[in-house]
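S.K.: So the protein sequences, as listed, match chains A and B.
Last residue of the first sequence: 458 in the numbering used here, with the numbers rising by one and none dropped.
Last residue of the second sequence: 1596 in the numbering used here, with the numbers rising by one and none dropped.
Wrong hints could be hidden among the right ones.
Stated by the list, open to error - Okay, the calculated beta carbon distance ranges per label pair: (1) B:Tyr1437 / A:Leu456: 37 to 47 Å; (2) A:Glu405 / B:Gln1445: 28 to 38 Å; (3) A:Gly88 / B:Glu1356: 47 to 57 Å; (4) A:Asn76 / B:Arg1029: 27 to 37 Å; (5) B:Asn1465 / A:Leu456: 44 to 54 Å; (6) B:Asn1465 / A:Arg385: 23 to 33 Å; (7) B:Glu1050 / A:Arg10: 19 to 29 Å; (8) A:Asp51 / B:Met1353: 23 to 33 Å; (9) A:Ser106 / B:Arg1029: 38 to 48 Å; (10) A:Asp267 / B:Glu1378: 48 to 58 Å; (11) A:Tyr105 / B:Arg1029: 27 to 37 Å.
No lab work stands behind these hints, which were simulated from the structure alone.
Idealized CB from N, CA, C, for every residue including glycine.
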Amino acid sequence: MRREYLQIDRINGPLIEITDVRDVFYGEVAQIRSRETGEVRIGKVIKLEGDKALIQVFQPTHGLASENSITGFTGNAFTLPMSKNLLGRQFNGIGEPMDGGPQVYSNREVNINGAPINPMSRVYPRNFIQTGISSIDVLMTLIRGQKLPIFSGNGLPHNQLTAQIISQARLGEGSDENFCIIFAAIGVKHDDEHFFRKAFKEAGVMDQVVMFVNYADDPVAERTTTPRCALAAAEYLAFVEGMQVLVVMSDITAYCEGLREISSARDEVPSRKGYPGYMYSDLATLYERAGMIQESKGSITFLPILTMPNDDITHPIPDLTGFITEGQVVLGRELYQRGVYPPIDVLPSLSRLMKDGIGEGYTREDHQDLANQLFASYSKVMEVRDLSQIMGEDDLSELDKSYMEFGRQFEQHFLGQSFTENRTIIESLDLGWSLLTILPKTELTRLSPKLIEKYLPY
Amino acid sequence: MTTDKQSGIIYGINGSVVTGKAMRPFKMREMVMVGNKKLIGEIIVLESDEAMIQVYEETEGLTPGEPIISTGSPLSVKLGPGILTNMFDGIQRPLKAMQLISPVFIPDGIGLLSIDSEKLWETHLTVKVGDQLSGGAVYATVPETELIEHRLMVPPHLEGTVVKVKPDGSYNIEETVVVLEDEHSHRHALKLHQIWPVRTPRPVKLRCEPNKPLITGQRIVDLFFPIAKGGTAAIPGSFGTGKTMTQHQLAKWSDAHIIVYIGCGERGNEMTEVIEDFPKLIDPKSGKSLMERTMLIANTSNMPVAAREASIYTGITIAEYYRDMGYDVAMMADSTSRWAEALREISGRLEEMPAEEGYPAYLSSRIAEFYERAGMVETLCEADGSISIIGAVSPAGGDFSEPVTENTKRYVNTFLALDKNLAYARHYPAINWMDSYSGYLGILQEWFQENIAEDVHTLRNKMLNLLFEENKLQEMVMLIGEEALPDGQRWILEVCRLVRLGFLQQNAFDSEDTFVPLEKQYRMLKVIEVLYDQGVDCLKKGIPTTILKNTELFDGIVKMKYTIPNNDLSGITEIEDQIERYYSELIKQYSEQEDV
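If we strip away everything but chain A, and leave its shape as in the complex, we get (with noise of 0.2 Å):
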């Protein structure tokens, strides 16, 4: 029988303290039982000093109080069984089910945490996954096994983007069965989930979508433990089960401010605009998960979304994200006001993984040179329509001015394409070429001769 205490010696916010323990360790899980109404809390040990245990609770400590509960160690570090049985299924940010069916049982019980992938047993990914998007597949190429978070805003319509993604992506090449998706909601409005079971609905996907939950308005301690318990089945299902996992992860931003939340609870020191010094590593725990490992077939591809606090890509959260990310998907709001869907800005946009990914034997030899050209062509228009803002753009050269047809014609065309619209990569990429036909063949530096002689169409 392990010991219980029955004191607790402070409460802040979603911290307790326990003083006089013994053989505790440090990243235990506790239960604290109301000795009202018998409502068991969980905890877990995030600090000990002697006899003292600071334990963070993912359920609201209100109605807490010094002598009303019952506090006992567990003897675990945060587990959660796994099995193939999750899928279909829904739970909340600490793995309990929500949807009213069973507890999942197996005798194979993983720590939320994992633990780092030895760079050596990874593989580096190179299978290149067709979206349907123009814009993503020919400019910032999503590669299975990649971690691309997409950079929105408030009001963007990044889970429409998102939830296309998901019905058009080809995961599993064919096989579906052997595909899954993981989402995990951190901190979103009841609305947002909504959508998001709707579109799993419509994609036909829902027996193979495990979703951990999150609501805007549950515990923020909770919101730590969401993506760690998302990212421990996601590694389970692709590196035990094989499967071809992408993690659907929203919204970062909670997940930070709910980092925030707890860190100055603990009164540490924070680093830019309150937010915890190691909020980089911290992130890093939960991105560097994504990846393939000679192991095993499976993959784990993974698409956070995160909301930039008034729309700066500077600020700490999508800083951090996009050092330890490959890539970012930018999404701008002045394409959105503009009609353009999807609202891709492709200049701040990247895929450091397409460089391997792309070309002669994955897309078509051109794609890289064609996708430098467009970047390049449209950095140029940029620059052009900030002159033609001063002067007019009947006062432009005609080289100006076909600059500023082709970036019409670029986000209308190319950025721009219906909810529905599925598109080949040798469709986007035939349409690029297509659009570069309104600039003078001077123009395209990025292309070799033998590149346009082929592909450029007259």
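Take the given structure of chain A and dock chain B to it, following the hints.
M.R.: Only chain B this time, still in chain A's reference frame:
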């Protein structure tokens, strides 16, 4: 308690920092084993009976009351054959050996592993009984890889007479091959390895002036902002600007003998990429695989943060060891910001008073200590060796005024500022020529004059001045449009466009352009100068820029990086001839017209 194995007990645990009690016999910076799992840690604060320990492994599962065991020595690395081509974690544990223990994930509590102690090395002994040896003297050589001869040296501070020597043969690194007797008749066994504490710089005989360039094959670096062998450089840039890409290019093509590449708090896939790519790349000089001269340290961003702090020191100590053999070592640290953040994180756990942005007040001195371990030296065995350090910096929000960038700027001589806007336009390498600088220009001038051409520096300055001029003109263009500028200025814009497209942009994925020898770099820039000068002459005759801009000629210059092979520069002479012909023809036509 025995005298050699002191032990204390765990009192508190807070993330990667563990507090211990009964720690009086322990030494500052001593390596310890923490808890029943024997996690590796290092003492960073001693206060009467208490000690703070930073732990290099995951601390989850530790309980107060578990033992802390002394090892009696500071955090050290084992230096011997088997380092090259290998990949280690932040405290020199080979990742391959870890794979045998746990195939996918990094395990905890596996204790101290190091370079393979079983492998036999073909050893050639270079001393005989009776020889007088002092610190740094070479006593044996081992062909460590096809490219690198490993020279085993008497540890610094040791001196004596050889009393025993093993014959040439195959030995593992634990084998004693030479016995040395010092003046007090103490005998010292010299094995195929030595141990060195990572936080102590290895001594050298003399520090010298870094007067040779580290040739990287990257045009904007070599000609515009050169790095000296034994020099220091920083590459700051916000995410997506190509820091890692630039570091990889330097690691691949620098003309150093040894590359030490530290992935410090970066992505796991980037290290995997290096492991997969480097063995396939062939060194242009030796024809051998580039991996043969490379060693890697990987502390990916999700590995324990304390080991990230140590990884930089592990790397530089290994670099110093190879430098002492008389090699030129280039060390890439990607990224030093993550290392600084590890300092900040540990400092926060120690509840130290923060300075700027939460970084500890000693940030600046730690950065200084690190970069000062670079240098061109005369080693103890009187060979020339060097360490060049190239550190990537990841400024938060791309703001170069943040503490890590600011402090790094104070201690490095070459500053290669990466620019977001260049990266957005896919101008790679996205090194901004307006903000970058090199403090080695003066020192290296002589070398360039002797080895490349008399006018390398004047040419560089002339072109850089044109680019500065272009920058000013661009602002004007933004207001009034290019067509409203006078011809002379439009010519500058046209030529600078050529410099940017034809010279500064370099394609890392093109087999010809990824590495360019200095000779070709110089000739490429020279061609553009010839074009510029000829154009200026024409302008004087009143020929308008629109006519000067011959599409075919310009196209030829932009594409010369692809069309002219690195080993045959006759094509460049041809382009030069074409330019001369075209413009002299033009001048002739114009004079004739005027005559009419």
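S.K.: For every hint, state whether the structure bears it out.
M.R.: Verification of the supplied hints:
Under the hint 37 to 47 Å, the C-beta atoms of Tyr1437 (chain B) and Leu456 (chain A), about 41 Å apart, fit the expected range. Range check, Glu405 (chain A) to Gln1445 (chain B): about 49 Å between beta-carbon atoms, so the 28 to 38 Å window is missed. One distance hint, 47 to 57 Å for the beta-carbon pair Gly88 (chain A) and Glu1356 (chain B), holds here, with the actual separation near 51 Å. The hint said 27 to 37 Å for the Cβ distance between Asn76 (chain A) and Arg1029 (chain B), and at roughly 35 Å that hint holds.
Checked against the hint of 44 to 54 Å, the C-beta distance between Asn1465 (chain B) and Leu456 (chain A) comes to roughly 38 Å, which is inconsistent with it. One distance hint, 23 to 33 Å for the beta-carbon pair Asn1465 (chain B) and Arg385 (chain A), holds here, with the actual separation near 30 Å. The supplied range of 19 to 29 Å is met by Glu1050 (chain B) and Arg10 (chain A), whose beta-carbon atoms lie about 23 Å from each other. For Asp51 (chain A) and Met1353 (chain B), the Cβ-Cβ distance of about 28 Å falls inside the hinted range of 23 to 33 Å, so the restraint holds.
One distance hint, 38 to 48 Å for the beta-carbon pair Ser106 (chain A) and Arg1029 (chain B), holds here, with the actual separation near 45 Å. One distance hint, 48 to 58 Å for the beta-carbon pair Asp267 (chain A) and Glu1378 (chain B), holds here, with the actual separation near 52 Å. Checking the proposed 27 to 37 Å range against Tyr105 (chain A) and Arg1029 (chain B) shows it is violated: the Cβ atoms sit about 49 Å from each other.
The structure fails hints 2, 5 and 11 (numbered hints given earlier, in ascending order).
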